[in-house]
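Enquirer: Chains as they are written, first to last, in our numbering: chain A, 1 to 346; chain B, 1 to 346; chain C, 1 to 346; chain D, 1 to 346.
Do not take every clue at face value.
Any copy will do: because identical chains look the same in the list, a pair fits if it lies in one copy or spans two.
Simulated crosslink set (DSS-like; lysine-lysine; CA at most 30 Å straight-line) [said to hold, decoys possible]:
1) 252 to 105
2) 226 to 298
3) 252 to 226
4) 271 to 140
5) 116 to 68
6) 116 to 298
7) 105 to 271
8) 105 to 226
9) 68 to 140
10) 226 to 253
11) 252 to 140
These are computed hints drawn from the structure, not numbers from a lab.
4 protein chains.
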Amino acid sequence: MVRVGIVGVTGYTGGEILRILHGHDGVELTYVTAHTMAGRMLTEVYPHYQGIMEATCHAFSVEEAAQKTDLVFSALPHGESMDVVPQLCEARLKVIDLSADFRLKEAQLYSSWYRKEHRAPAYLGRSVYGLADIYAGDIKEADLVANPGCYPTSVLLALAPVAGEDLLNWNSLVVDSKSGTSGAGRVPSPVLHFPECSENFRAYRVAEHQHTPEMEQELGRLAGRKVTFTFVPHLVPMVRGILSTIYVQLTKKMEEEEIRNIYSNYYSECKFVRLLPPSLVPETRHVYGSNYCDISLKYDRRTDRLIIISVIDNLVKGAAGQAVQNMNLVLGFEEGRGLDIVPIRP
Amino acid sequence: MVRVGIVGVTGYTGGEILRILHGHDGVELTYVTAHTMAGRMLTEVYPHYQGIMEATCHAFSVEEAAQKTDLVFSALPHGESMDVVPQLCEARLKVIDLSADFRLKEAQLYSSWYRKEHRAPAYLGRSVYGLADIYAGDIKEADLVANPGCYPTSVLLALAPVAGEDLLNWNSLVVDSKSGTSGAGRVPSPVLHFPECSENFRAYRVAEHQHTPEMEQELGRLAGRKVTFTFVPHLVPMVRGILSTIYVQLTKKMEEEEIRNIYSNYYSECKFVRLLPPSLVPETRHVYGSNYCDISLKYDRRTDRLIIISVIDNLVKGAAGQAVQNMNLVLGFEEGRGLDIVPIRP
Amino acid sequence: MVRVGIVGVTGYTGGEILRILHGHDGVELTYVTAHTMAGRMLTEVYPHYQGIMEATCHAFSVEEAAQKTDLVFSALPHGESMDVVPQLCEARLKVIDLSADFRLKEAQLYSSWYRKEHRAPAYLGRSVYGLADIYAGDIKEADLVANPGCYPTSVLLALAPVAGEDLLNWNSLVVDSKSGTSGAGRVPSPVLHFPECSENFRAYRVAEHQHTPEMEQELGRLAGRKVTFTFVPHLVPMVRGILSTIYVQLTKKMEEEEIRNIYSNYYSECKFVRLLPPSLVPETRHVYGSNYCDISLKYDRRTDRLIIISVIDNLVKGAAGQAVQNMNLVLGFEEGRGLDIVPIRP
Amino acid sequence: MVRVGIVGVTGYTGGEILRILHGHDGVELTYVTAHTMAGRMLTEVYPHYQGIMEATCHAFSVEEAAQKTDLVFSALPHGESMDVVPQLCEARLKVIDLSADFRLKEAQLYSSWYRKEHRAPAYLGRSVYGLADIYAGDIKEADLVANPGCYPTSVLLALAPVAGEDLLNWNSLVVDSKSGTSGAGRVPSPVLHFPECSENFRAYRVAEHQHTPEMEQELGRLAGRKVTFTFVPHLVPMVRGILSTIYVQLTKKMEEEEIRNIYSNYYSECKFVRLLPPSLVPETRHVYGSNYCDISLKYDRRTDRLIIISVIDNLVKGAAGQAVQNMNLVLGFEEGRGLDIVPIRP
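Chain A on its own, in the form it takes in the complex (with noise of 0.2 Å):
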């Protein structure tokens, strides 16, 4: 049994994790951190874990991890990530970071966006970006995993398999995302509050979410050159799942199933995206606590346009689940193991 923690256990994707790791028999949960309930048990934080698990929550601190654990899930928003994984992998721990602290390779774009500096920077080209059922191979190898935001796992699980092939008018590109409220944190807020939230329906942050950066990155990456598109994120009210609308002109006329086909070659052997047949639409309740992507192609004749659309819960494939898919590659595990989770429908 691999012996691993999580720091930060008391927001979303920490409890998300906890409750993937009570399913998975290849690792052993031995220390969780939660500044604000040192010491207490963690059923206080979580009433619903009451016989199920017992541990007590503790105040961070690197020797005691470097002690008691193997890999860690760091959990702590932006800005704190990157005051504590540097000390676990000083203490040559493995680590998966949830935060966005190691995802973007340049300090500079971090500053900008995320509004603060990186007091971490060396770190920015150790970390393995870590888009699971993309970039297997190198994760392999990683000690330290960035793991990928919510949107960016939607956004770049629908464009991968086209985004190589000089099949996209770059220029073109529009993501509209649709996000339920879980994705926003645990920490009550004024936009969140049910009266507010409930029977609503939003954009924010408009072209100016800080993701943006991170899929400009990768999906340059994927496609050789420098990618700049719109981006705009919506609220709403739901608690898990997001549905991302991807609009996209083709370079050449392509008829549906040629594009069909590079998807299912592309995810042929990726059992976690599931690319939809042309009679269904991607729903958010069917991927609702599991690991899943969805992805749909329609091809819009009219205007030559590609629309993709896919779907994930943003607490599993947009952060937990997609860690512990993470940690069992960097573990040597089968990457699925503890993750055969049936979505939850109705």
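Chain A is already provided as a structure; the job is to place chains B, C and D on it using the hints.
Expert: The following block gives chains B, C and D in isolation, referenced to the frame of chain A:
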């Protein structure tokens, strides 16, 4: 007092006309029809009207309509309205038709998108498209007003100020709309079954929605050229509201402020269209139950793309509210009479 | 035109008074206060009022209130109102107080249930309990009206017709209430955080809710004896609405029809209380946004128990609507003026 | 591996059994029937199973069931199950029946509450009532298990510890239950149409719900006397979850702590029933997707009334989960096998 009737009062748009007319002091509701509920009290259809309104539902009869009313709202489903409206017109009644049957000017377009033959094509040339805030002049002269669709209202009001200005690269236009569930009507279906629809988000009729030709026709008219674009609607787990996110590239470099001025000039006399200040994004809650259309502008300098976001209440501005506004125009009333409804929030 | 003010306009009840008064033609809103937003435009607090209402928020000053208004709604939280209301009364303004501060007649009850000392106990004897449909006579003479709580309104209207009739076995009384989330106010909290509250149902303050003594006081007054009962409130994942299910055994055998007659006689003159026919059960949607209280009766012959179910919109009949009804009574207006609001459905 | 089948897989309970069995390593799913979908792939019924489960739906045939399975879950609607279950029993298959058809011991009670004749009354005496945490001993010996209703599960588990103790004044018992919408099944209807059901709360079948005699029968058995009580169910705008609030007076003065001890002793060996500490109230989210029943106790000293609140996931503990627990008992497996599911939250 002008005598008005509602044909097809049991649907959501019919019911919403009822609600609005109850607060209108210039008209008297003298005739309502509901073929499945003929002979029964309105309060059997709408128990929440107990103590508010006494009326009996009739089976439709053009003679009765002609005798009892001066103006009729037809709130029948598309495909049914085209059989009833010509009779009303022949009887020299003013008609506001809320169906899609008299919006398209070409019968062939109707049959290809709605998948049924048009049985009253002669009336297509006689109807006036009732986009009230734009075409008030024409509507005042009309006998038959084709009330716009909900999606088209949200999209056309958002694009009208710039459509005729040679500012838009029309080939780049993408419209991503999100609607509450009441737009799909009152008939139960699996997609709108609460356990399937709640906590779920999906697209539907991707690039195939029947409101597309209506928008293309009217944008073409505003632009003075043929317009073809990509439209994808989505279903939001809420009851009321449409938000449309519109992406379009400009033909030249502009400042956001310049564009904003075009909009504020264009709508300076329109009380129901509200241009939001730069600090705000539209929320469907901000127009809930009211006849407003709120619009925000964002110029994405990184990609030279204009992002226009609009919200309406699909049952009010997108249906019954605009229908009453059209009625006011047709009858020579002040256009906002009976429509001074404050949005309900929260 | 009577000049009215709202003290504490930023909360949900304050905002709802705004909405209702906008449709009232007998009063003019001349003064609004909001201590956190003093000096700023009302549209900064309520963007949905853009184009509808221009007003500036003030810091509270009794001199200004006295100079600018004839009647004031105090929509401050309980504990704050008791400092402000006496000043307004001293300035000879009429006051409708929406807080709990002047509802209980005994200061000691207040301090034990609200856990703070009452700082204006002298006013407890001067206030009139504003259950408008029951105590209209007293209210017309009042200078200070204590507007009832939302739960008490739903419960007292449901029990009033039979309370004084020696029909009820008071020891058997159980009230199980369910409320939408807007009743908890506008301040974000973990319980009302969308991801925690959506798709969740819970009880709270089981048999310990602070509205209990208010109900017991008023039921005791109606019954002419001391009343003690069990009250459990629950939180429903919706925004507006309260439904109370009330269980009580009768002191003698009766026919449901007899009981129904007592109710319809009792409320024959009350336009805002609607007794439903036996075929219908109340739904919160049936009163959404309106000042109605709907009531159903069911006599469970198997257990000799009467089940009364009532629904209100907690922000209207349970707060702002009843407050305006009280204002109408105090000012000598027709009691329903400005309150002819059709419930919004769907 | 034991071979199991599901008859009626297209309903919500059938689908939920599928989900749970997928995580059960002691059985193999060898036969599923769905009469409206016979011959089609399971993924056509449940697109979210793409890549997870391959199976073809069959029309029901008892010969095929007998040949392919050792145990069958009947997830047919009540009224249909009573035609199929006897055939399965005759074929010497073990049967877990999720309908109401074999729960009541008296055919006459069935016909009066379900409004249809019972066509297999001989089996009423042979079935064992499958309240797994209470009757495990009997269930282990059973060939035909009548899986309890969702409401009865929540109520019986809440009352069982004190039912046989002469502690309760049974005449005072009132049960007020609130259920999510999935309990009403998968067939669309006006009541469950999203625009009608969302942001709405209502009671239904007030004191007339068909689960009443099932609860009275089983409470009577636990109490050793005839029990009659008032039961009112309500519909909550959410998908999953039942919360029952139970009010009952005691026959003598007790301390809450004493009562708490009775419960914790009674359930000391039951892993799926969790007695909450006094500081917590049950929330349906705390058991979402899991087989737990959470229970809280509150003794209202002011009224000498015990208030017991219980929550379950109606589709799991209230249906499919308890059915699998019963299967485990019948097959001699550990009772929790395959049911170690962490509640999903948020």
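Enquirer: With reference to the structure, classify each hint as holding or not holding.
Expert: Outcome of the hint check:
no.: 1; hint: 252 to 105; verdict: neither (33 Å within a copy, 33 Å between copies)
no.: 2; hint: 226 to 298; verdict: both (25 Å within a copy, 23 Å between copies)
no.: 3; hint: 252 to 226; verdict: both (20 Å within a copy, 23 Å between copies)
no.: 4; hint: 271 to 140; verdict: within (17 Å within a copy, 39 Å between copies)
no.: 5; hint: 116 to 68; verdict: neither (32 Å within a copy, 49 Å between copies)
no.: 6; hint: 116 to 298; verdict: between (40 Å within a copy, 25 Å between copies)
no.: 7; hint: 105 to 271; verdict: within (29 Å within a copy, 49 Å between copies)
no.: 8; hint: 105 to 226; verdict: within (14 Å within a copy, 45 Å between copies)
no.: 9; hint: 68 to 140; verdict: within (22 Å within a copy, 43 Å between copies)
no.: 10; hint: 226 to 253; verdict: both (23 Å within a copy, 22 Å between copies)
no.: 11; hint: 252 to 140; verdict: neither (37 Å within a copy, 48 Å between copies)
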